[in-house]
Amino acid sequence: MTQMKQRQVQLEVLRYNPDTDTEAHFQRYEVSCNEEGVVLDALNKVKETVDPTLNYRWSCHMAVCGSCGMMINGEPKLSCHTFLRDYEGVIRVEPLAHFPIERDLVTAPDDFMEKLKRVKPYLIPKKKKPISEGEYKQTPAQLMKFRQYSMCINCMLCYAACPEYGLTPKFIGPAALTLAHRYNIDSRDGGRKERQEVVATAEGVWDCTFVGACSEVCPAHVDPASALQQMKITSSIDWIVEHLIPGGKSARDTVSREDAGDIS
Amino acid sequence: MSRRPLVREVPPTTWYFRQPRYMRYMSREITSIFVGAYCMFLVVGLQRLAAGPSAWEGFLQALTSPASIVFQFLALVAAVYHAATWFNATQKAMPVQIGEDFVPGNVISGAHYVAWAVLSVVILHLAGVF
Ligand code: SF4
Ligand code: FES
Chain W
1 MTQMKQRQVQ LEVLRYNPDT DTEAHFQRYE VSCNEEGVVL DALNKVKETV DPTLNYRWSC
61 HMAVCGSCGM MINGEPKLSC HTFLRDYEGV IRVEPLAHFP IERDLVTAPD DFMEKLKRVK
121 PYLIPKKKKP ISEGEYKQTP AQLMKFRQYS MCINCMLCYA ACPEYGLTPK FIGPAALTLA
181 HRYNIDSRDG GRKERQEVVA TAEGVWDCTF VGACSEVCPA HVDPASALQQ MKITSSIDWI
241 VEHLIPGGKS ARDTVSREDA GDIS
Chain C
265 MSRRPLVREV PPTTWYFRQP RYMRYMSREI TSIFVGAYCM FLVVGLQRLA AGPSAWEGFL
325 QALTSPASIV FQFLALVAAV YHAATWFNAT QKAMPVQIGE DFVPGNVISG AHYVAWAVLS
385 VVILHLAGVF
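Chains W and C are the protein sequences, given in the same order. So in the working numbering, spot 90 of the first sequence is number 90, and the numbers just go up one at a time. Whatever position you read off the second sequence (first residue = 1), add 264 for the working numbering.
Accuracy of the hints is not assured; some may be wrong.
Here are the simulated EDC-like pairs of lysine to aspartate or glutamate, each with C-alpha atoms no more than 20 Å apart in a straight line [what the hints assert, rightly or not]:
hint, chain 1, residue 1, chain 2, residue 2
1, W, 170, C, 364
2, W, 232, C, 293
3, W, 45, W, 35
4, W, 170, W, 114
5, W, 45, W, 12
6, W, 45, W, 110
7, W, 193, W, 203
8, W, 5, W, 51
9, W, 137, C, 364
It is worth saying that the hints were derived from the structure and are not from the lab.
Work out the full structure: start from the sequences and follow the hints.
In structure tokens form, the structure reads like this:
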């Protein structure tokens with residue numbers, strides 16, 4: 001087999017050791033990698049041949065697990081999906097922005113996990129029925145309505161891209177709100193009203209000023225910005241129905257059902 | 265092992281210099297200053313109109329000053345840019361699904377541009393421009 005073409009790669013990696021450091025600092029590494037390699041390969045090469053103390057997360061190496069998110073030259077990226085050949089000169093690798101650094105390139109995702117839970121990202125059936133009555137059926141069109149929003153791999157790149165989240169950490173943020181939307185518009189779901197307690201608040205969709213960065217960096221093409229704008233519209237309709245239409249309170253559930261594309 | 269995560273602050277006033285896309289966002293937001301200022305300008309015009317013919321004449325006169333023309337030009341550019349960003353956003357906020365497929369985004373945004381052009385022609389016509 002012919003030897004794969006090699007490329008000299010210079011990395012500048014942000015290091016932080018909680019046991020000894022009070023500040024983070026950059027460390028330069030130089031390794032030789034396959035021409036077709038990705039940034040994660042270069043990090044693995046560094047760890048194997050130069051510096052075994054370097055910490056970072058990864059698992060699948062195929063843009064599926066969402067654990068290898070980093071800032072690469074200032075841009076939130078999956079390091080397993082960022083090709084070395086697309087870069088000239090020194091590549092600067094930092095942990096995901098807007099998250100506390102646990103160690104080196106490893107960040108603490110606790111805040112995101114907490115927020116995910118708050119939006120109840122699971123089916124809350126409209127009518128509970130016993131298993132003997134069979135499954136909750138759905139047409140292909142009803143599936144397509146939310147499919148895009150179900151492709152999230154929880155990589156948190158959108159949080160690292162979102163200046164709103166950086167400035168206002170209470171903001172529930174793109175991926176979690178998008179998952180709320182994904183269930184809200186699922187024809188089998190009836191949980192929108194419960195989720196609205198979190199979604200239709202200042203910390204929810206109204207903290208979003210539509211910078212749109214989340215959608216630009218999302219590796220799974222989820223387009224969180226679109227989900228949030230749609231939720232702003234339905235939340236506004238809720239408000240109008242509730243406050244300006246006599247007897248409108250109960251109509252909120254009607255909105256929710258239409259929203260879910262219920263064709264029954 | 266200790267857990268002592270390092271929090272990096274986001275600079276509260278200079279963050280938008282960090283990324284070209286943040287600069288684009290800020291330029292969109294800044295257009296609203298011009299749009300707002302032009303609304304004030306219209307309100308003043310209405311007030312002058314209500315104050316009688318000589319006040320109105322004075323207002324019309326003031327419109328032709330170089331400073332006023334520069335301001336109106338900037339406000340026009342800002343309003344057009346703002347409108348374009350708004351129309352481009354409509355495809356995200358209002359997707360249209362037909363059966364299993366979604367209408368392509370540029371059709372939705374395009375429809376808004378067409379409506380904009382048609383309404384502009386109607387308004388210019390009503391205003392007696394042609
Ligand atoms: S929405 Fe996209 S960028 Fe955000 S966590 Fe999900 S996959 Fe990652
Ligand atoms: S390693 Fe799984 S997404 Fe990169």
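Quick rundown of the hints versus the structure:
For the suggested pair residue 170 of chain W and residue 364 of chain C, the alpha carbons sit about 36 Å apart, so the restraint of at most 20 Å is broken. Distance restraint check for residue 232 of chain W and residue 293 of chain C: the Cα-Cα separation of roughly 18 Å lies within the 20 Å cut-off, and the hinted pair is therefore satisfied. For the suggested pair residue 45 of chain W and residue 35 of chain W, the alpha carbons sit about 13 Å apart, so the restraint of at most 20 Å is met. Annotation: proposed proximity of residue 170 of chain W to residue 114 of chain W holds, straight-line Cα distance about 11 Å (limit 20 Å).
Of the supplied pair hints, the one linking residue 45 of chain W and residue 12 of chain W holds, its CA atoms being roughly 14 Å apart against a limit of 20 Å. A threshold of 20 Å between alpha carbons decides the hint, and for residue 45 of chain W with residue 110 of chain W the separation of about 29 Å lies outside it, so the pair is violated. In summary, the hint linking residue 193 of chain W to residue 203 of chain W is supported, as the alpha carbons are separated by about 17 Å, within the 20 Å threshold. Of the supplied pair hints, the one linking residue 5 of chain W and residue 51 of chain W is violated, its CA atoms being roughly 24 Å apart against a limit of 20 Å.
Between residue 137 of chain W and residue 364 of chain C the alpha-carbon distance is near 16 Å, which keeps this suggested pair within the 20 Å criterion.
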